[in-house]
Each structure stands twice: as structure tokens, then as C-alpha cells.
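K.L.:
Residue-level listing of the chains:
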Amino acid sequence: MHDDVLTQLQMYDFALQEAALFLNSHPHDKEALSYYRTMQCCSKQAREEYEALHGPLTNRENNSCSWEYIHGKWPWEGDK
Amino acid sequence: MWVYEKKLQFPVQIEHPDPSFAKIVITQIGGPDGELSASMRYLNQRYAMPYDRVKAMLTDIGTEELAHLEMVSAIVYQLTRNLSVDEIKKAGFDAYYVDHTTGIWPQAASGAPFTSTYFQSKGDPITDLMEDMAADGAALYDQH
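Those protein sequence lines, which keep their order, are chains S and V. Heads up, the first sequence is in the UniProt record's numbering, so the first residue is 1 and it goes up one at a time. Heads up, the second sequence is in the UniProt record's numbering, so the first residue is 1 and it goes up one at a time.
Among the hints, a few may not be true.
What the hints assert, rightly or not - Below, in silico cross-link-like pairs of lysine-lysine (BS3-like), each with a Cα-Cα straight-line distance of 27 Å or less:
| id | chain 1 | residue 1 | chain 2 | residue 2 |
| --- | --- | --- | --- | --- |
| 1 | V | 55 | S | 30 |
| 2 | S | 73 | V | 6 |
| 3 | S | 44 | S | 73 |
| 4 | V | 55 | V | 6 |
| 5 | S | 44 | V | 6 |
| 6 | S | 30 | S | 44 |
Said to hold, decoys possible - Incomplete in silico selection of chain V near chain S, CB under 8 Å:
| id | residue |
| --- | --- |
| 7 | 8 |
| 8 | 9 |
| 9 | 12 |
| 10 | 13 |
| 11 | 53 |
| 12 | 60 |
| 13 | 73 |
Claimed, not checked - Stretch-level coverage of chain V by chain S, calculated; a stretch enters the list once three of its residues show a Cβ under 8 Å from a Cβ in chain S:
| id | segment |
| --- | --- |
| 14 | 1-7 |
| 15 | 61-71 |
| 16 | 74-88 |
Since the hints were derived computationally from the structure, they do not count as laboratory data. A quick note: this is a predicted structure, and the numbers were derived from the prediction, not measured. For each residue, glycine too, the CB sits at the ideal point set by N, CA and C.
Please model the entire structure based on the sequences and the hints provided.
P.N.:
This is the structure we're talking about:
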């Protein structure tokens, strides 16, 4: 099963990560910082959408009354 | 400290197991220019780095290499799922299988175990950066 929500999140997080690396060596680049902020916003939204469907992405974001972190697919397993 | 995110950096979806290919790809886990070596290189070298920009860079790249390690490990894991004894023998995967079954163990394609001799950490930023270029730049670009 192709997971569009996950693909979106992976895309935004990749862009966010690369922007962060660029900013490490170019901390005063306003254009890069603006791009970073846009990706930050997109990533946050995609993350919330993904977590609503599949549960917490980290052991710090288990916000329900039960422990959901252990459930669902683990990343290395693929779709099978 | 680090916090684990329960997703891969890029999707890994192997449709058909291929233990012959797994024998080669495993070098990108535990070989001399593999992801484990890359991660340990940057994360250990950062302590000698005096500049904030580069401290940040070494920390973030060393961390990202761990995400690469996870992707390559997922590739090897999926390449070696549900194998028959015949498939293991035919692919020459039996030499690995006898020691690790299909467990992920960091080694080079030759079978040499991962070792910290694959990277350097000299306490001198210029020396370390030269080593980074040799390891993560030239070596991989030449091979691909």
C-alpha cells in the first residue's frame, strides 16, 4: 500500500533537513531561512496528519490514553 | 541526546529478495566507506571543532548518516526476507548465514567486520576535514 501521507512528510522533512544543513554554514542567508520556515510549516502539518492516521512518530508524542508508540509498522519492514 | 523518529528518510520497498545483491550492499552498512563509519567519523570529530557553524554541521551530518544507515539496513533486511535453503546456497549467502542467519551485522562485502580503523579522529580540525573529503567525497564519487 502506497502511503501518500508518509511520502509527503518524507519530502518535507528532507527539504527541511537540507535547508538546515545549508543554514549551518550560511546562517545569515535570508532566502534560505525563509525556505526553511516554509518547509517547517509544511512538515508540521504533514506530521500531524501522519500521526493522526498511524500513531506517534517518536516516544515523546504519545498523546492518547493508551501506549500507541509500539503499534503499527516499523520503518524497516516496508509494506509487507 | 538523540530522539528516534519512526520513519525512514526515504522509502525502502524491495519487491523481490536478492541475497546476492545483499552481499554487496552490506558494505554500505559496515564497510570502509559505509554509513556507520561515516556517522562515527563526524560524531567523533566534532569535539575537536572550534567553529560553531562546523560543530552544527558535523553534528547534523553525523546524525543524518545514522538515518542512511537505517535505510541501507532496511534494504539488506528486505533483500534477505523469506529465503529458502536453496536460495541461500545458490546466492553464496551461506557464508554470512552460518554466522548471522539473516541478522543485520555491520561488515564489508568481503566479510571483514566493521572497525573504527575505517575512520580517523585526530583532534585537529584541518586534518579531520581532509579525511572527511577522502572518505565521503572522492571515494564514493569514484565508485559510482
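K.L.:
Taking the hints in turn, state whether each one holds.
P.N.:
Consistency of the hints with the structure:
no., hint, result
1, V:55 to S:30, "holds, 21 Å"
2, S:73 to V:6, "holds, 9 Å"
3, S:44 to S:73, "holds, 21 Å"
4, V:55 to V:6, "holds, 26 Å"
5, S:44 to V:6, "holds, 15 Å"
6, S:30 to S:44, "holds, 21 Å"
7, 8, "holds, 5 Å"
8, 9, "holds, 7 Å"
9, 12, "holds, 6 Å"
10, 13, "holds, 5 Å"
11, 53, "holds, 5 Å"
12, 60, "holds, 6 Å"
13, 73, "holds, 6 Å"
14, 1-7, "holds (count 5)"
15, 61-71, "holds (count 3)"
16, 74-88, "holds (count 4)"
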